[in-house]
Structure formats: structure tokens, C-alpha cells
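Enquirer: Using the hints, position chain B against chain A.
So the protein sequences, as listed, match chains A and B. Counting in this note's numbering, the first sequence runs from 1200 upward without gaps. Counting in this note's numbering, the second sequence runs from 3 upward without gaps.
What you were told as hints is all true, and nothing was included just to trick you.
Just a few of them, taken from the derived set where beta-carbon distance is under 7 Å, the chain B residues facing chain A:
| id | residue |
| --- | --- |
| 1 | A198 |
| 2 | Y282 |
| 3 | E313 |
Below are the SDA-like pairs computed for lysine to any residue, each with C-alpha atoms no more than 25 Å apart in a straight line:
| id | chain 1 | residue 1 | chain 2 | residue 2 |
| --- | --- | --- | --- | --- |
| 4 | A | K1244 | B | S45 |
| 5 | A | K1273 | B | D209 |
| 6 | A | K1273 | A | D1219 |
| 7 | A | K1273 | B | D206 |
| 8 | B | K62 | A | G1327 |
| 9 | A | K1244 | B | G215 |
| 10 | A | K1244 | B | H200 |
| 11 | B | K187 | A | G1313 |
| 12 | B | K187 | A | D1280 |
| 13 | B | K187 | A | E1242 |
Keep in mind the hints are simulated off the structure, nothing from the lab. Every residue, glycine too, gets a C-beta built ideally from N, C-alpha and C.
Spelled out from the first residue to the last, the chains are:
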Amino acid sequence: MEFPRPLAAPLAAVPIPLIDRAVKLMFKSLLRRHPGLFERLGEHKSKRYAFRPTDLPLVFLVEPARAAVSVMRKPADPAADAVVESPLFLLLALLEGRCDAEGLFFSRSLTVIGDMEAVLSLRNALDGCEIDLPRDLCAFAGPLAPLVSRTADALRRRVLAGEHAAWN
Amino acid sequence: MELICPAGTPAAFREAVEAGADAVYCGFRDETNARNFPGLNFSREELGEATAYARRKGTKTFVALNTFMRAGHEDLWYQAAADAVHLGADALILADIGLMAHAAETYPEQRLHVSVQASASNPDALNFLVEAFGAKRVVLPRTLTISDIARLARQIRCEIEVFVFGGLCVMAEGRCSLSSYATGKSPNMNGVCSPASHVRYRQDGSDLVSELGAYTINRFPRDEAAGYPTLCKGRFDIADASGYAFEDPVSLDVMDQIDALREAGVSALKIEGRQRGKAYVAEVVSALRKALDARPEERRALLARLRLLSEGQRTTSGAYDKRWR
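Isolated chain A, as found in the complex (with noise of 0.2 Å):
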């Protein structure tokens, strides 16, 4: 399922450290919840990875050895060692381990270019920490948490219903 582009477009227009923040606070939460994720990485923790999602107008680079994300609006093309490719509800399911990323890839839904052993160190570091992103990023929504958590896991149900992911 592709990012719907209605909710897509208006993204091209709001200011990037905007995006940049939300994205930082979110990614902070997310590390907190899972302190060893980057560690699995050995010596890929010090490569810098790209993630272009293909329904929206943006670029996330995440850099594990300074703990780092940074937005970029395309067509940004920021120096990295792997560059990662696939519609963003995609992307998010596989950071929660639920899609199987070489299936997608087989199906070219999913595009790797790079370094193959980086992003297959990563696919491996993610399987290992179970990220549940409703619940792990109820903290970033202080308050609203609850509601934040509900309606993240609702539309997770939606979107992974269409694309077959199991997990048990």
C-alpha cells in the first residue's frame, strides 16, 4: 500500500526542520526503547544509510554511529553507504521485522544498492528487537499516547493486510 499522496503532497511544502525535528524526536524515542540496536551492527555500525521512500518527497539518512537521523527533501542525494528504496509503509514494516525484505526485494518493491552486507547486518540487527512502533512511540506523544498508540496499531492492521506480513 502506497503512502496515500493527498497526505503525501502537502509534505513538499512544510519547512524540513520541521520534519526534521519530528523525525529526531521519534527516532530519540525509538533508540530509548531499544538501546543495543545499533550495537548489533559491529562494524557496520559505523556506515551511513539512506532510505528513500518512493510515495514521498523526502530522504532519511540515519547514521548508528552518532545515533543520528537527518530528513532531506528530494532530490536530495546525501553521501551514504547502502541506499534503500521502497514505498514508506513498506520501509516500517520492515523495521518491525513483519514483511520478508527479500521477498519484497525478489518482487522489486524493495531496492537495495550499496553496501549488501550493511543493510543485511541491519535487516538481522532489526529482526532481533522486536520494534512494535505503536507502542514503542507512545512516549514521543506524551499525552495523546493512548490515542497516538490506538490509531497508529489500527492503521498498521490496514496497511499489513494488504501486504501478507506475517508474524507470529
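Expert: Then chain B, alone, in the frame of chain A:
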């Protein structure tokens, strides 16, 4: 028949157990393991937790120590065998005759399985391993027909395990040098076939180009399903034609032959895929468990979706139902 399922991480291990595996096979995070990929596999502590978890759920744990020992460094493999036994492995899956001898002498009560990496697939070889080291089971290569397996079963004195789903290695496993030739790293010694460190995918216009070391393996047009960058599934220019010399980018699926395999004398069905993520393990194990327990006419529908998870999004019965081109 037992369902033997792969796990490259503790998370995948738990998924396999929950999805209905009779046994889960896994290995340590080092070169004793023929799936020695970065970020995969188990520390000693993780394996201890996994075997304890499996035991509580009534599932067995098989530990693969299925590479060949390097002369002068045998202690790495001996220590791995000692740790696997100590941590409660229900079976050791071994390829190296020297390691089989060591394990049989040191841990006479430990159940030993002959890995597919041992390239043992005839009665003389297998009966020797049974008599010399007490091997209880052999994992056969994916190069035999079901008739071959049935003939073999009548002549050997151990159980037979065969691959039924997942990555399709079409070579004489344990002897293949294609990946070593291209990358300098051996699946049989270092535990990595087509190591990710030597793999590159790049876009060339709308084509996806896969490379292994200095070799271009394949070029996939925009609408064509992609595959792994292994030489055995590379697209070659031969005379005036371009095509697959050894095998297409395709995965194995012989679940529609379960009854024939049972009649042939097979005791256990193995799923390939320790390098795959937990979502794959969960879905494949769950589907195969249901298929095993279902009536034959129900199986095709239960397994239909698995093709989408397969290399090239296609499956084949491979050599089990051999037809020459």
C-alpha cells in the same frame, strides 16, 4: 515426518518454534557454521536460551557445525562441539569426517547427523559414516530424484532428511568452488556462499544489475523478478544465446511430493533459509506445518502464497523430478 526449520537469529528461532517446527537448526556466530553471514547466528548464551525455550515447547534443537576444519585450528570446531553438547543440542549436524570422529569419541551419547555439506549420498559413504561414527541421519543433497532416494533408503542404515522448500543449491554441496572462485571465500571453509561483502546491486537505467566480486551475474529488466547473485544462477552468453547455464533464479518447492517422499523412506523434511528474516521463517514454517497436517488436495492452496517469497518469485521441484532441457 518431522519438519526441520531454519533459524539465523533468536527471533527467527522463536518464530519457528511457535509456528510448529518439530526441530530448529541453527549455528554459532563463526566459521564453524556454513551460514556464517554478518549479523546472523547465535552466541553461546543465545543458543543456551534457545535450546531451553525449545525444550519447554517440545521442539528439538539441531546445531550445525558443518564447515570443514582448518588444519592447525581444529580447536575452534572442537570447542563449538563441546559447547553445543553442553548447551543441550539434540543433534550435531557435521560435515567434516575429522570432526565426526572427534564428536563420536568424545560424546558417544550425542546424536550425530551428516550434513548435506559432507557430500555423502551413496550407500558406501553413508554406511561407513554410520558404522564409524554412529551417524543417525543424513541430509541428502538436492541433486537426487525421489527414485534415487528410495533406492538409497533401502541400502542405508540411518534416517533420511531432505530439503523440501527454500533456496535451491544445484551443486555437489561441500565440493562447490564457484563462490570461492569469484570471491576468494569458500562456503565450505569460511561458511559463506556469495558473501554479502562481495555483492553489489546497482541500477543501470531501468535494469537492476547484480554483481559478485568482479563478475556481473545478472541483469534484470524492470518487470522481471530478481534473484540472488550466485554464479550457479547467473545469466550467461553462450554461443548466440543468453540464458541460464546451470539453473534459473528459482527456489525449491516439493511439498506436493510429500507422500512420495514418505513412501521413499524419508524421515524429515527440511526448510532452507537460515539467512532469511523472522517474517519469512514464520510464514513458511506455518504454511508447511499446515500443509503437512492437511489432506493432499488441500496442500496446493495452503502453499500458493509462498511463491511470492521465493527467489525469482518462482519455484521448481528441481532434481527431485528431473527433466533435462
